[in-house]
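A.B. asks: Line by line, the protein sequences are chains Y and W.
The numbering used here puts the first residue of the first sequence at 65, with every later residue one more than the last.
The numbering used here puts the first residue of the second sequence at 65, with every later residue one more than the last.
Simulated from the structure, these hints should not be mistaken for laboratory data.
Accuracy of the hints is not assured; some may be wrong.
Where chains are identical, the list cannot tell them apart; a pair therefore holds if satisfied intra-copy or between any two copies.
Claimed, not checked - Straight-line C-alpha distance at most 27 Å; calculated BS3-like pairs for lysine-lysine: (1) K179 <-> K77; (2) K273 <-> K94; (3) K273 <-> K250; (4) K273 <-> K67; (5) K217 <-> K99; (6) K99 <-> K77; (7) K241 <-> K99; (8) K250 <-> K99; (9) K217 <-> K94; (10) K77 <-> K217; (11) K94 <-> K270; (12) K175 <-> K273.
Quantities reported herein were computed from a predicted structural model and do not represent experimental measurements.
Number of protein chains: 2
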Amino acid sequence: MSKRLTLVKVGGKVVEETASLQDFLARFSKLEGLKVLIHGGGRSATAMASRLGLEARMVDGRRITDQAMLEVVTMVYGGLVNKNIVAALQAMGINAIGLTGADLNYMQSVKRPVKEIDYGFVGDVTGVRTDEINLLIDQGVVPVLAPLTHDCKGQLLNTNADTIAAEAAIAFSRHYKTELVFCFEKPGVLRDADDDLSVIDTLNHKEFKQLQSAGSIHSGMIPKLDNSFDAIRRGVSQIRITNIEGLNSGGTTLLPD
Amino acid sequence: MSKRLTLVKVGGKVVEETASLQDFLARFSKLEGLKVLIHGGGRSATAMASRLGLEARMVDGRRITDQAMLEVVTMVYGGLVNKNIVAALQAMGINAIGLTGADLNYMQSVKRPVKEIDYGFVGDVTGVRTDEINLLIDQGVVPVLAPLTHDCKGQLLNTNADTIAAEAAIAFSRHYKTELVFCFEKPGVLRDADDDLSVIDTLNHKEFKQLQSAGSIHSGMIPKLDNSFDAIRRGVSQIRITNIEGLNSGGTTLLPD
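I would like the entire structure built from these sequences, with the hints used as guidance.
C.D. replies: See the structure below:
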């Protein structure tokens, strides 16, 4: 358990624009030690869906994934985004490998049960096994995880990249001392969402709930933080939320209670 | 070198239709011993290109791959076809992993030089390294290779699946006793292209050249056989050409001179 592993989840605009993605990958490639990258790609999927005459439908920021949209996200997340990141990292001297949850059967899920909303082919994670991935990591390989899982019955399922990152970090915590870094547009968790200078340096669960009650933290940040504190309770050593510039040590560090 | 490894390349209609692909994968999953799958997907790429308003342009059966078509083959080969095969194999109890040449930097290439024809983003293979893949294979993992390579400078390149199969088989021959099986629509190399019962059981290079001179073997079969005999000279123990039904032991066996 002495080995350290850094997982970086990159999403939002960072991953969708060539210049910011290259900037991010250059910084990521220089991070010392064993590491894993988790990426999103929602805007690219929406753009490709549009080119194919499909309309992206979202509920509370979650994509409704019918059969046609599942094809799009399989192509875009598993193929276009993932393989271009892998090729770019190889050019930077990083021995990357792109993986979905079906590859090496590393992340299993079930199709989300239909309640008020039918999300379609969306997977809720049920298990993670990293046996062969650990072997690769110990050879210096850097896994690049796409936001797709499978149900072990042949069905690929669309799965939120933040969730993939948290579940992977929890599973890797059985073998490594893990740090999970969420890298997105904002420099961290903000005391005032409109003021990028109001970054909160450290945050524990109690403080988060106080700020949530006070209305300082809201919308998309709430599930991200709920998931993160859950991951800390389940074994992840440290979680940071930051932007490209803060990749090494900046942003908001979440602390156990 | 006592370990045996079977590589199966599946292409043509077999891989493009759900029913025949499932039939093939069920048979492939039951093949004993260590194994690798290599797939094509040209018809799916052409169909997706058409949906995107792109026209597939072929010269002598080879795809002209401009930037827009490279995106399509990256999505379709690396994402849609590859990941669905991986998920289907996992459902059959096979611990598959999908790979392009960029993953683990396992197959390097250069963009084909422009002579009479500019093939665009097409890669000619320059090197294969299987270090980490061997580790995975020895863990019982089954690699599923998509017809994409990379130039080590960040560029993915479209590469013929028969070539990937032959180059991979040659490289694996340094570590395993390898058999390469080409699985397609026809039951083998035919003495009479119009008669599926005229399968030639065994063929050496000299006999191939005689049949080629006589006009019995022609068109697409010639490069496939030229590549195959080259692979035998470069260390592959056995090569067979067959259809789904002959996967285990049928078809035409190519012999060293």
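A.B. asks: All the hints need checking, so say for each whether the structure fits it.
C.D. replies: Hint by hint, here is what the structure shows:
1. Taking the closest pair of Cα atoms, K179 and K77 never come within 27 Å of each other, the shortest separation being 31 Å inside a single copy and 40 Å across copies.
2. Taking the shortest alpha-carbon separations for K273 and K94, neither the intra-copy value of 35 Å nor the inter-copy value of 54 Å comes in at or below 27 Å.
3. When the C-alpha separation of K273 and K250 is checked against a cutoff of 27 Å, the pair qualifies only within one copy, where the shortest distance is 20 Å, while the shortest distance between copies is 66 Å.
4. In this homomeric assembly, K273 and K67 never come within 27 Å of each other (Cα to Cα): the closest approach is 32 Å inside a single copy and 58 Å across copies.
5. Proximity of K217 and K99 under a CA criterion of 27 Å is satisfied inter-copy only: 21 Å between copies versus 30 Å inside one chain copy.
6. For a Cα distance limit of 27 Å, the shortest separation of K99 from K77 inside one copy, 22 Å, qualifies, whereas the shortest one across copies, 40 Å, does not.
7. Taking the shortest alpha-carbon separations for K241 and K99, only the intra-copy value of 11 Å comes in at or below 27 Å, while the best inter-copy value is 35 Å.
8. With identical chains, the CA atoms of K250 and K99 are at most 27 Å apart within one copy only, with a shortest distance of 22 Å there and 46 Å across copies.
9. Taking identical chains as interchangeable, the C-alpha atoms of K217 and K94 lie at most 27 Å apart only when they sit on different chains, with a minimum of 17 Å there against 39 Å within one chain.
10. In this assembly of identical chains, K77 and K217 lie within 27 Å of each other by CA distance solely across copies; the values are 24 Å between and 33 Å within a copy.
11. For a Cα distance limit of 27 Å, the shortest separation of K94 from K270 qualifies neither inside one copy, at 34 Å, nor across copies, at 54 Å.
12. Taking the shortest Cα distances, K175 and K273 never come within 27 Å of each other, neither inside one copy (30 Å) nor across copies (55 Å).
Violation of the numbered hints given earlier is confined to hints 1, 2, 4, 11 and 12; the remaining hints are satisfied by the structure.
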